[in-house]
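Colleague: Heads up: the sequence lines are chains A and B, in that order. Sequential numbering of the first sequence, starting at 1, is according to the numbering used here. Sequential numbering of the second sequence, starting at 1001, is according to the numbering used here.
Hints should not be assumed to be uniformly reliable.
Which stretches of chain B does chain A cover? Using the computed rule of at least three CB atoms under 8 Å from a CB of chain A, they are [to be verified]:
| # | region |
| --- | --- |
| 1 | 1011-1025 |
| 2 | 1223-1235 |
In the DSSO-like style, the derived pairs of lysine-lysine whose C-alpha atoms are separated by at most 27 Å in a straight line are [as the list claims (entries may be wrong)]:
| # | chain 1 | residue 1 | chain 2 | residue 2 |
| --- | --- | --- | --- | --- |
| 3 | B | 1330 | A | 144 |
| 4 | A | 144 | B | 1045 |
| 5 | B | 1285 | A | 127 |
| 6 | A | 144 | B | 1089 |
| 7 | A | 127 | B | 1018 |
Restraint ranges, calculated between C-beta atoms of paired labels, are given here [as the list claims (entries may be wrong)]:
| # | chain 1 | residue 1 | chain 2 | residue 2 | range |
| --- | --- | --- | --- | --- | --- |
| 8 | A | 120 | B | 1371 | 51 to 59 Å |
| 9 | B | 1300 | A | 86 | 34 to 42 Å |
| 10 | A | 118 | B | 1237 | 50 to 58 Å |
| 11 | A | 120 | B | 1333 | 33 to 41 Å |
| 12 | A | 28 | B | 1300 | 48 to 56 Å |
| 13 | B | 1300 | A | 176 | 34 to 42 Å |
| 14 | A | 21 | B | 1284 | 47 to 55 Å |
| 15 | A | 136 | B | 1331 | 52 to 60 Å |
| 16 | A | 21 | B | 1300 | 52 to 60 Å |
| 17 | B | 1284 | A | 118 | 48 to 56 Å |
| 18 | A | 64 | B | 1284 | 25 to 33 Å |
If you are wondering where the hints come from, they were derived from the structure by calculation, not from laboratory data. All residues carry an ideal CB built from backbone N, CA and C; glycine is no exception.
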Amino acid sequence: MGVAIQAVGLSKWFGSGETRTQAVKDVSFEADFHEMLYIVGPSGSGKTTLLSMLSGILRPSAGSVRVEDVDLWALDENSIADFRLHKVGFVFQDYHLFNKLTTVENVAIPLILRGQNWNDSLAAGQKVLEVVGLANRASLRPSKLSGGEQQRVAIARAIVSAPDLLIFDEPTASLDGDTGRKIVEFVRTHVLTDQRCILIVTHDDRIYEYADRILKMEDGRLIGSEKGGAHG
Amino acid sequence: MSGILRIGYKLLVNDRGKFIALLLGITFSVFLMIQVTSMFAGMMKKASATVTNTGAKMWVLDPAVTNVASSIPLPDYVLDAVRSIHGVKYAVPLYSGAGLVRLKDGTYQAVSILGLDDSSLYGRPVLLQGQISDIYAENGFLVVKDEEFGKLHNPGIGTEFEINDNRGVIVGIAKVPASGLFGMPTLYTTFSRAIQYIPSMRYTVSYILVEPASEAAIPDIKREVAKLGYEILTEAEFIDKITNWYMFGTGMGINLLIMTAISFVVGLSISGQTFYTFVLENLEKFGALKAIGAKGRELVYMILFQAGTTALAGYGLGVGLCALLIALAKFRVRDYASIITFNNLGMALGMVLVIASLSSYFAVRRVLRIEPFDIFRG
Chain A
1 MGVAIQAVGL SKWFGSGETR TQAVKDVSFE ADFHEMLYIV GPSGSGKTTL
51 LSMLSGILRP SAGSVRVEDV DLWALDENSI ADFRLHKVGF VFQDYHLFNK
101 LTTVENVAIP LILRGQNWND SLAAGQKVLE VVGLANRASL RPSKLSGGEQ
151 QRVAIARAIV SAPDLLIFDE PTASLDGDTG RKIVEFVRTH VLTDQRCILI
201 VTHDDRIYEY ADRILKMEDG RLIGSEKGGA HG
Chain B
1001 MSGILRIGYK LLVNDRGKFI ALLLGITFSV FLMIQVTSMF AGMMKKASAT
1051 VTNTGAKMWV LDPAVTNVAS SIPLPDYVLD AVRSIHGVKY AVPLYSGAGL
1101 VRLKDGTYQA VSILGLDDSS LYGRPVLLQG QISDIYAENG FLVVKDEEFG
1151 KLHNPGIGTE FEINDNRGVI VGIAKVPASG LFGMPTLYTT FSRAIQYIPS
1201 MRYTVSYILV EPASEAAIPD IKREVAKLGY EILTEAEFID KITNWYMFGT
1251 GMGINLLIMT AISFVVGLSI SGQTFYTFVL ENLEKFGALK AIGAKGRELV
1301 YMILFQAGTT ALAGYGLGVG LCALLIALAK FRVRDYASII TFNNLGMALG
1351 MVLVIASLSS YFAVRRVLRI EPFDIFRG
């Protein structure tokens, strides 16, 4: 399938002098297209910091990230923003949906940011809502939806622009166990494609069965890698 | 770019509570600013009524004159001297004073009296009834039909009255662009009759009205009049002088400034605070937009658009409300002194844009400071 993302010697420290703390220490790994990769570990182990560096949000203190052979952190700030807009889809832990916009408008945001025509963006958003099973919720505000539905709206927003890399931050943290499993199963079945790599940060072991591979982190280091439940 | 502005617009107007609070803040502020300055403009129009109604291009006056109602009489030789200045097409005297009229029923009414140059009647008003030549008839006076007309018991042609124990007869009814500030009816007569009927000092010429031969001659005329020790002003300059005196010489200006400042502060505090709260409440969402790929400048445009939209909508509502109130007030009180001028509108627009700029400045600072990483960290 090919390498989707490659991290080499990634490190990140915050502060300086006595207050300096290192959140991520010399992390290297690769993730392939059509791979659903989990990054797991206890709170404070550096998962979110690593995910931020991989997705072009947080500049690493050392190391590099290559996405489809592009050295991400060699780009200027505007190009990195463009990279996120065109190559990455985000599903935030708290979803961060706009309650003052309709569901379909929320979904269409990445396309609108790309400069696509408003009506065309909404039409594309409507199609993706059909994929996630929320076509009949298009005109509702997100606040009218259940937690699971909001999560699916967030997924729809992340995939509407057909990104190569999907980033999930604690996707089941706000959901009950059954809904969480259904969501991740849905992602595994309908969202993961041959042209896409999915990175999920979680410490919810109930969804490990859907992972291709699980990277374990502790104190900012990768301490192990194992196959996920998706491979039996 | 239009897409993100549309998102900004929807975020703004769909947050009805805050949007209404923002609009109310700006509307109220604009309403107050325009109302106060319109009242001042209205009063200044009335204060300069004699100048505008007369329509003379230039006025010669004593330099100590502060407003048209308080004239300081000029020696007769000044009129001759001005007439002899190269570039003066013609120059005529004007009498401006006040008198006490005794009406048929025995009551007294103070009036403003203007005495026009006998030979030219330069500065005469437009007549609604009567013939202008009748002003030369014995005891002839024109009366201005304005808001104060009723104080003379609505006289008609032929109505008689007493003025300083002299008989007066209305021979014409006139109209003028503006009525005076002090609520007195206005009578016109000839210069010679005015100084005959009204007790005068040694000098009788209140002002000299000058028609320059050309615009180019004005600087020379001014220089020559200054040599005589007197001042000569164009109509606009005289109006400015009157306005400045009311503004800075009477305390009205300070009151105006205070009221305008209060309106500005009210608008800024309500709108600024509400807009800032609106942005703070959406700060994480802005961070999410940044994470998704929105650039900082796009978010800045979005915020400026939101602030600008609110400011202009509030401005329009404030102007409309003020115009409505003035129209209603004028419907009930005919000589209500309030007019909305382009200067008022421009000043209020400037203030509103300052409010919008300050509000959005602090909002933009917060939005630019939010890092997408903060969204991940929660």
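Colleague: With reference to the structure, classify each hint as holding or not holding.
Modeller: The hints, checked one at a time:
Residues of the region 1011-1025 of chain B with a Cβ under 8 Å from some Cβ of chain A number 3, which satisfies the need for three, so the listed coverage holds. Note: the region 1223-1235 of chain B has 0 residues with beta-carbon separation from chain A under 8 Å; the three-residue rule is not met and the coverage is violated. A threshold of 27 Å between alpha carbons decides the hint, and for residue 1330/B with residue 144/A the separation of about 51 Å lies outside it, so the pair is violated. With a C-alpha separation of about 58 Å, the suggested pairing of residue 144/A with residue 1045/B is violated against the 27 Å cut-off.
Straight-line distance between C-alpha atoms of residue 1285/B and residue 127/A comes to about 24 Å, which keeps the hinted pair within the 27 Å bound. Annotation: proposed proximity of residue 144/A to residue 1089/B is violated, straight-line Cα distance about 81 Å (limit 27 Å). Restraint check: the Cα-Cα separation between residue 127/A and residue 1018/B comes to about 33 Å, which exceeds 27 Å; the hinted pair is violated. Under the hint 51 to 59 Å, the C-beta atoms of residue 120/A and residue 1371/B, about 31 Å apart, miss the expected range.
Separation of residue 1300/B from residue 86/A is about 22 Å and departs from the stated range, judged on CB atoms against 34 to 42 Å. Distance hint check for residue 118/A and residue 1237/B: the Cβ-Cβ separation is about 55 Å, which falls inside the suggested range of 50 to 58 Å. A C-beta distance of roughly 58 Å is found between residue 120/A and residue 1333/B, which places it outside the suggested range of 33 to 41 Å. Between residue 28/A and residue 1300/B the CB atoms are about 38 Å apart, so this pair departs from the stated range of 48 to 56 Å.
Range check, residue 1300/B to residue 176/A: Cβ separation about 40 Å, and the 34 to 42 Å hint holds. Here the CB-CB span from residue 21/A to residue 1284/B is close to 24 Å, at odds with the stated 47 to 55 Å. Distance hint for residue 136/A and residue 1331/B: a CB-CB separation of about 55 Å, consistent with the stated range 52 to 60 Å. With their beta carbons about 33 Å apart, residue 21/A and residue 1300/B fall outside the hinted range of 52 to 60 Å.
Restraint check, residue 1284/B to residue 118/A: a C-beta distance of roughly 24 Å breaks the suggested window 48 to 56 Å. Roughly 30 Å separates the CB atoms of residue 64/A and residue 1284/B, a value that falls within the hinted 25 to 33 Å.
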